[in-house]
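Novice: These are the residues of each chain, in order.
2 protein chains.
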Amino acid sequence: MLGLMQDRPLLISSLIEHAATFHPGTEIISRLPEGTVHRSNWGDIRLQARQIANALQALGIQPGERVGTLAWNGYRHLALYYGVSGSGAVLHTVNPRLFPEQIDYIVNHAEDQLLFFDITFAPLVEKLAPALKTVKAFIAMTDRAHMPAIELPNLLCYDELIGAQSTAYTWPALDERSASSLCYTSGTTGHPKGVLYSHRSTMLHTLMELAPDTFGLSTRETVLLVVPMFHANAWGTPYGAAMVGAKLVLPGPHLDGKSIYELLRDERVTFSQGVPTVWLMLFQFFDANPQLKPRDLGIQRVGIGGAAVSRAMLERFERDFGAEVTQGWGMTETSPIGVISKLLPKHDQISGDELVKVKLKQGRGVWGVELKIVDETGQALPWDGQAFGHLLVRGPWICSGYFKSEGGSVLDAEGYFPTGDVATIDADGYLQLVDRAKDVIKSGGEWISSIDLENVAMGHPAVAEAAIIGVAHPKWQERPLLLVVKRADHELTREAMLDYLSARVAKWWLPDDVVFVDSLPHTATGKLLKTRLREQFRDYRLPTA
Amino acid sequence: MLGLMQDRPLLISSLIEHAATFHPGTEIISRLPEGTVHRSNWGDIRLQARQIANALQALGIQPGERVGTLAWNGYRHLALYYGVSGSGAVLHTVNPRLFPEQIDYIVNHAEDQLLFFDITFAPLVEKLAPALKTVKAFIAMTDRAHMPAIELPNLLCYDELIGAQSTAYTWPALDERSASSLCYTSGTTGHPKGVLYSHRSTMLHTLMELAPDTFGLSTRETVLLVVPMFHANAWGTPYGAAMVGAKLVLPGPHLDGKSIYELLRDERVTFSQGVPTVWLMLFQFFDANPQLKPRDLGIQRVGIGGAAVSRAMLERFERDFGAEVTQGWGMTETSPIGVISKLLPKHDQISGDELVKVKLKQGRGVWGVELKIVDETGQALPWDGQAFGHLLVRGPWICSGYFKSEGGSVLDAEGYFPTGDVATIDADGYLQLVDRAKDVIKSGGEWISSIDLENVAMGHPAVAEAAIIGVAHPKWQERPLLLVVKRADHELTREAMLDYLSARVAKWWLPDDVVFVDSLPHTATGKLLKTRLREQFRDYRLPTA
Numbered sequence: 027m028l029g030l031m032q033d034r035p036l037l038i039s040s041l042i043e044h045a046a047t048f049h050p051g052t053e054i055i056s057r058l059p060e061g062t063v064h065r066s067n068w069g070d071i072r073l074q075a076r077q078i079a080n081a082l083q084a085l086g087i088q089p090g091e092r093v094g095t096l097a098w099n100g101y102r103h104l105a106l107y108y109g110v111s112g113s114g115a116v117l118h119t120v121n122p123r124l125f126p127e128q129i130d131y132i133v134n135h136a137e138d139q140l141l142f143f144d145i146t147f148a149p150l151v152e153k154l155a156p157a158l159k160t161v162k163a164f165i166a167m168t169d170r171a172h173m174p175a176i177e178l179p180n181l182l183c184y185d186e187l188i189g190a191q192s193t194a195y196t197w198p199a200l201d202e203r204s205a206s207s208l209c210y211t212s213g214t215t216g217h218p219k220g221v222l223y224s225h226r227s228t229m230l231h232t233l234m235e236l237a238p239d240t241f242g243l244s245t246r247e248t249v250l251l252v253v254p255m256f257h258a259n260a261w262g263t264p265y266g267a268a269m270v271g272a273k274l275v276l277p278g279p280h281l282d283g284k285s286i287y288e289l290l291r292d293e294r295v296t297f298s299q300g301v302p303t304v305w306l307m308l309f310q311f312f313d314a315n316p317q318l319k320p321r322d323l324g325i326q327r328v329g330i331g332g333a334a335v336s337r338a339m340l341e342r343f344e345r346d347f348g349a350e351v352t353q354g355w356g357m358t359e360t361s362p363i364g365v366i367s368k369l370l371p372k373h374d375q376i377s378g379d380e381l382v383k384v385k386l387k388q389g390r391g392v393w394g395v396e397l398k399i400v401d402e403t404g405q406a407l408p409w410d411g412q413a414f415g416h417l418l419v420r421g422p423w424i425c426s427g428y429f430k431s432e433g434g435s436v437l438d439a440e441g442y443f444p445t446g447d448v449a450t451i452d453a454d455g456y457l458q459l460v461d462r463a464k465d466v467i468k469s470g471g472e473w474i475s476s477i478d479l480e481n482v483a484m485g486h487p488a489v490a491e492a493a494i495i496g497v498a499h500p501k502w503q504e505r506p507l508l509l510v511v512k513r514a515d516h517e518l519t520r521e522a523m524l525d526y527l528s529a530r531v532a533k534w535w536l537p538d539d540v541v542f543v544d545s546l547p548h549t550a551t552g553k554l555l556k557t558r559l560r561e562q563f564r565d566y567r568l569p570t571a
Numbered sequence: 027m028l029g030l031m032q033d034r035p036l037l038i039s040s041l042i043e044h045a046a047t048f049h050p051g052t053e054i055i056s057r058l059p060e061g062t063v064h065r066s067n068w069g070d071i072r073l074q075a076r077q078i079a080n081a082l083q084a085l086g087i088q089p090g091e092r093v094g095t096l097a098w099n100g101y102r103h104l105a106l107y108y109g110v111s112g113s114g115a116v117l118h119t120v121n122p123r124l125f126p127e128q129i130d131y132i133v134n135h136a137e138d139q140l141l142f143f144d145i146t147f148a149p150l151v152e153k154l155a156p157a158l159k160t161v162k163a164f165i166a167m168t169d170r171a172h173m174p175a176i177e178l179p180n181l182l183c184y185d186e187l188i189g190a191q192s193t194a195y196t197w198p199a200l201d202e203r204s205a206s207s208l209c210y211t212s213g214t215t216g217h218p219k220g221v222l223y224s225h226r227s228t229m230l231h232t233l234m235e236l237a238p239d240t241f242g243l244s245t246r247e248t249v250l251l252v253v254p255m256f257h258a259n260a261w262g263t264p265y266g267a268a269m270v271g272a273k274l275v276l277p278g279p280h281l282d283g284k285s286i287y288e289l290l291r292d293e294r295v296t297f298s299q300g301v302p303t304v305w306l307m308l309f310q311f312f313d314a315n316p317q318l319k320p321r322d323l324g325i326q327r328v329g330i331g332g333a334a335v336s337r338a339m340l341e342r343f344e345r346d347f348g349a350e351v352t353q354g355w356g357m358t359e360t361s362p363i364g365v366i367s368k369l370l371p372k373h374d375q376i377s378g379d380e381l382v383k384v385k386l387k388q389g390r391g392v393w394g395v396e397l398k399i400v401d402e403t404g405q406a407l408p409w410d411g412q413a414f415g416h417l418l419v420r421g422p423w424i425c426s427g428y429f430k431s432e433g434g435s436v437l438d439a440e441g442y443f444p445t446g447d448v449a450t451i452d453a454d455g456y457l458q459l460v461d462r463a464k465d466v467i468k469s470g471g472e473w474i475s476s477i478d479l480e481n482v483a484m485g486h487p488a489v490a491e492a493a494i495i496g497v498a499h500p501k502w503q504e505r506p507l508l509l510v511v512k513r514a515d516h517e518l519t520r521e522a523m524l525d526y527l528s529a530r531v532a533k534w535w536l537p538d539d540v541v542f543v544d545s546l547p548h549t550a551t552g553k554l555l556k557t558r559l560r561e562q563f564r565d566y567r568l569p570t571a
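As given, the protein sequences belong to chains C and Y, one line each in that order. Just add 26 to the spot in the first sequence (first one is 1) and you have this note's numbering. Just add 26 to the spot in the second sequence (first one is 1) and you have this note's numbering.
Hints should not be assumed to be uniformly reliable.
Put simply, identical chains are the same to the list, so a pair is met inside one copy or across any two.
Unchecked claim - Straight line, CA to CA, 16 Å or less: simulated EDC-like cross-link-like pairs of lysine to aspartate or glutamate:
1) K553 / E504
2) K398 / D130
3) K512 / E43
4) K468 / E402
5) K372 / E53
6) K512 / D544
7) K464 / D322
8) K372 / E293
Worth flagging that the hints you see were computed from the coordinates, not collected in a lab. As the structure is a prediction and not an experimental result, all values here were calculated from the model.
With these hints in hand, go ahead and build the complete structure from the sequences.
Specialist: Laid out in structure tokens, this is it:
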């Protein structure tokens, strides 16, 4: 017997209609690629989203067809989030930091029919265009005055295209399971694979983002969205902000410390989300400007994901900014909320190191994400904070497979998605990442976590960045090698580094060698690119070998 | 094209599994009908819910069949919420405060197969049993030692029935649109009508309950649930508390000021929800015990619904308790979240009367509830805070009709549900109830809000409670009559009351007469029973007539 409740599908279009109905004047602030600050609001974004929907219709875009973007965080990109998905097409946010050949592959694989791009990427688009066979038109996201001087037969101006359309549009009543957006994972091996979100998965994830146990989004908030809109839908916050009518601040390409500082200050930001790399740049800005007091910003909360938060970063935000740090773990395949590090009431009884230890765990499971850790044979491991195994997740905003079945069937027999991460879970349900399954160092049948070792090394005041990779060893199969980028004006020797570590890690975890490098390679999303390091040091001969 | 996300139905069983997995030790405190305080936790509730599911199977209950409860807020009732709905049966929470003949009607109309009851209701059940033709067994929610001495051939003991079952059970993978619970509206005219919630509507409503813009439920919270579990699923909080693993405090039948005070104090409650009547009893307890300081309780937030909040109540909670008051409007048919009175950032700029005025509005629309107000012809009215008309609502947790089609098709052409309320909506989307459509006083073609007049009258220090009803008038069709219950030890004359009002309301709104009464009739859910007052004063002759 079915219930007698209204049968309303969960659709992304309902978000922009809600925001514009209840919060029409709430501001959307964008720093444009041109450097100027643009002020819009939810009412305007709705009108623009409807114009986009009409423009797509005029350009012959069919339901389910992909519309690509190569764009930073800005109001035009935000309007595309609603206009494209709301109209039934699929918004494909392409990561512009990928190598051109990857972008080429992705756009062709997705069969993007249109490509909207920020003018920053005009030279890239001009170069790639001939290879992008499915793209019928390239739309520069700017006004006529700023149109890039590139030669493309099918180049359009966003403001002209959109501005010519009616602001009247009736959003279609789609099946809520319809595809809404597409995001490729910047895999470090093989071709990128596309995660195809649905309206339903997006809306359920958005609802969970409001929970105080996750992002706690509310209408009281001013959110600076540093995490890119091409990275797992900017963690879903462009949707969550609309659901509650929060003020949104979008930094464009300007992620340097000074630009972020200015937006935090000028817009009285209360909450900001981003990867550790961006916060390091902000810290460096404050280091260089000791007359400025971070606490004067009044920022209350910082959400950090994409990579583990170091103790130094956590403590600096708490001490200098007076801000609460919420870290989380997730991936493109998890929309991205997986686990979130919110404290339990019992943690009010602890402090100091004990409390920091809890805060540095990636976080606790929330409703909607079932977790399990398993050993090599698929057997579930206990939640004791000690046993570590492959992490699998299940829930309505976790992917079931990749676009065009790349990688085949990915779920296990119980419907769980294997994350490729290795983790522990403690009795309170807090997950701690131990490593990526492929990064863990297999030393004589035991596993050593490269992440744990890196975190300890990062604690040394002379270390700017550290990486641990496994290097072949005749006796132990693999042994850890530490690569270190020294901080400017700091001295550090191999011996001093190893002494520092030996006081802090088990003897058998101690790296077999230390190499000082000028820089470390990163993926487009700021993660250490260990595949490249492993290639580079493939033939490295450890002194113990 | 469909998205590639996991196809997981939204089911109530997932809530108890989540709570028991991540928050097994978080307490569920119940004051039992016997008066003792019982301590359980989410882990225990899961086991009990699974035992209930097994017991239902043993008793031959089929999916979709109704299982009735006549029970207060307590852990056994909570376990039934999960065990009954989770297993695919429909939990029918019967309001024990209704008249016996209404209960008889409701249980028969719902065709309840089982009836679980608190021992408080043993005499009632004994009396009703012969007429309840579909009920195969009556289960007293107690242990063997407290079994009531009543004569029923099919009387079972809850603890024995449940205790005999296995704690192992696999929840069925139901269609999420399946009926999960049933609640009859305590209509003041005609037969009660059943609202049939679905798993989907319940889960979406539960997700929205976590939002800081609504209840803001989190794992940090200790919630005293004063609103009865037979009233619109206790506003959904038994589900929300499980979704976040909050500590839950259930007061049983003991809603007097002293009992509520003790639970607030002993369990360090942070958030409590209930109707104004209960809070008035708590205030009276503090009035009688001036040595006790409400602020010492440390309660942070109070959620009030079911009737409008008076300025006096709002200010007393803020001033004496240091608690934030969140009022809301909803009904059984809206799960019940309709609108919630949370402030916007712009309200930080105002204070005093201006701010109070905003807080006394019923609240702002949240995502998931579309609002409209229309005139007598169905034309939409402007959102200007002035125009008032019939309120209609639409969304995934709003009912589409009543059980067994009582009342026929209820939605309008656009799919909106007519609430029977009359309201204004202002430019910020704040709804203010003007009246029930049937309570509004039609005076010479203009409408006078009985609620507004009552609120003003309630502001007089000598008024304990006030009611306004329309009485027939030869010239104006209807004119307002004020009925007043004086506070003990206070004097008040008709003239003093009218003087007080004339300083505060438009001249043509002024009641034509004042009658002092000893008490006013209420519905089972604490609302003024105006139908009865209108009957009682049907032939009342106004001095102006």
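Novice: If a hint holds in the structure, say so; if it does not, say that too.
Specialist: Checked hints:
In this assembly of identical chains, the alpha carbons of K553 and E504 never lie at most 16 Å apart, being 22 Å within a copy and 73 Å across copies at closest. Proximity of K398 and D130 under a CA criterion of 16 Å is satisfied in neither setting, with 36 Å inside one chain copy and 48 Å between copies. For a Cα distance limit of 16 Å, the shortest separation of K512 from E43 qualifies neither inside one copy, at 51 Å, nor across copies, at 48 Å. In the homo-oligomer, the alpha carbons of K468 and E402 lie at most 16 Å apart inside one protomer (13 Å), although the nearest pairing across protomers, at 76 Å, exceeds that limit.
For a Cα distance limit of 16 Å, the shortest separation of K372 from E53 across copies, 12 Å, qualifies, whereas the shortest one inside one copy, 38 Å, does not. With identical chains, the CA atoms of K512 and D544 are at most 16 Å apart within one copy only, with a shortest distance of 8 Å there and 83 Å across copies. Proximity of K464 to D322 under the C-alpha cut-off of 16 Å is found in neither arrangement, the shortest distances being 43 Å within a copy and 55 Å between copies. With identical chains, the CA atoms of K372 and E293 are at most 16 Å apart between copies only, with a shortest distance of 14 Å across copies and 35 Å within one.
In summary, the structure is inconsistent with hints 1, 2, 3, 7 from the numbered list given earlier, while agreeing with the others.
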